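Number of protein chains: 2
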Amino acid sequence: MSKVKDCLKELKFDDKGLIPVVIQEVETNEVLMLAYMNETSLSATLETGRTHFWSRSRGKLWKKGEVSGCEQIVHEIFVDCDEDSLLIKVHQKGGACHTGYKSCFYRKINVKQDMIEIVSRKVFHPHEKYGKKEKQEENLTG
Amino acid sequence: MSKVKDCLKELKFDDKGLIPVVIQEVETNEVLMLAYMNETSLSATLETGRTHFWSRSRGKLWKKGEVSGCEQIVHEIFVDCDEDSLLIKVHQKGGACHTGYKSCFYRKINVKQDMIEIVSRKVFHPHEKYGKKEKQEENLTG
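So the protein sequences, as listed, match chains A and B.
For what it's worth, my numbering labels the leading residue of the first sequence as 218, then goes sequentially.
For what it's worth, my numbering labels the leading residue of the second sequence as 218, then goes sequentially.
I should point out that these hints are in silico values taken from the structure, not numbers from a laboratory.
Please read all numbers here as calculations on a predicted model, not as lab measurements.
Some hints could be false.
Given that identical chains are not distinguished, each listed pair holds provided it fits within a single copy or across any two copies.
What the hints assert, rightly or not - Calculated pairs, PhoX-like style, for lysine-lysine (alpha carbon to alpha carbon, straight line, at most 25 angstroms):
#1 Lys277 to Lys339
#2 Lys280 to Lys229
#3 Lys222 to Lys325
#4 Lys280 to Lys325
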């Protein structure tokens with residue numbers, strides 16, 4: 218068996234068959250989102266070079282950007298020490314977040330000033346990508 | 218109620234009372250680890266300015282670096298669009314990984330060459346921090 222297959226065989230999917238995946242933009246090192254893969258979506262990601270996840274809200278395989286066009290081209294994949302999470306560096310087309318922000322982590326909790334600050338930039342208008350029913354049509358991380 | 222408390226009240230902890238937290242080094246933007254917090258460890262993190270997690274393997278509150286000294290000083294906290302994951306930028310003392318590597322994501326899956334590459338640097342020797350029983354004494358992400 219190949220070394221990569223050996224490594225992937227060791228991955229610890231949780232009791233729902235999922236593993237959390239941190240998505241980071243390769244050009245900026247900005248963390249864009251955290252989503253979940255099952256074995257099928259990980260295989261689809263490896264085969265196509267585009268991220269695929271398991272949508273927990275819709276209960277189905279989900280190619281990132283399948284509606285919005287905001288797909289993620291896989292650059293590098295890393296596995297953690299416990300083999301229970303992955304980090305994938307990607308080239309992000311458009312924005313990662315269904316809200317139109319570049320990153321899903323667009324809100325900073327400012328404890329000292331008791332403020333929630335918007336710190337990411339909007340790169341598209343959700344209604345242009347998803348129409349009015351964006352939340353029904355597309356997973357929350359679109 | 219304060220704006221920060223309002224925001225924290227909206228956080229969606231999973232059916233085990235946990236929320237995944239991505240830890241990123243503020244100086245380098247390197248992703249160091251993914252761990253889990255419950256409400257108690259999030260409160261301890263906010264109060265002390267040092268990351269605390271819930272150790273799933275040991276079933277207890279765990280201050281990062283309590284044994285190794287490799288603590289994480291909180292710089293910024295971000296919440297994602299779905300309010301079901303956090304990103305915390307930290308100043309990392311020593312290394313984040315119990316294996317001695319700077320990052321827990323020290324292995325790159327090189328599919329094309331069928332190789333697993335070590336891509337992070339070792340910043341300490343585990344036996345110097347934990348002694349011989351490091352895995353019993355300290356959580357896997359120590």
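Inset, instruction - Can you give me the call for Lys222 and Lys325, within, between, both or neither, at a CA distance of at most 25 angstroms? - result: between (38 angstroms within a copy, 13 angstroms between copies)
Inset, instruction - Could you figure out if Lys277 and Lys339 sit no more than 25 angstroms apart (CA to CA) within one copy, between two copies, both or neither? - result: Answer is neither; intra-copy 27 angstroms and inter-copy 39 angstroms both fail.
Inset, instruction - First find the shortest C-alpha distance between Lys280 and Lys229 inside one copy, then the shortest across copies, and answer within, between, both or neither for a cut-off of 25 angstroms. - result: both (22 angstroms within a copy, 24 angstroms between copies)
Inset, instruction - Could you figure out if Lys280 and Lys325 sit no more than 25 angstroms apart (CA to CA) within one copy, between two copies, both or neither? - result: Between copies only: 23 angstroms across, 28 angstroms inside.
Violation of the numbered hints given earlier is confined to hint 1; every other hint is satisfied by the structure.
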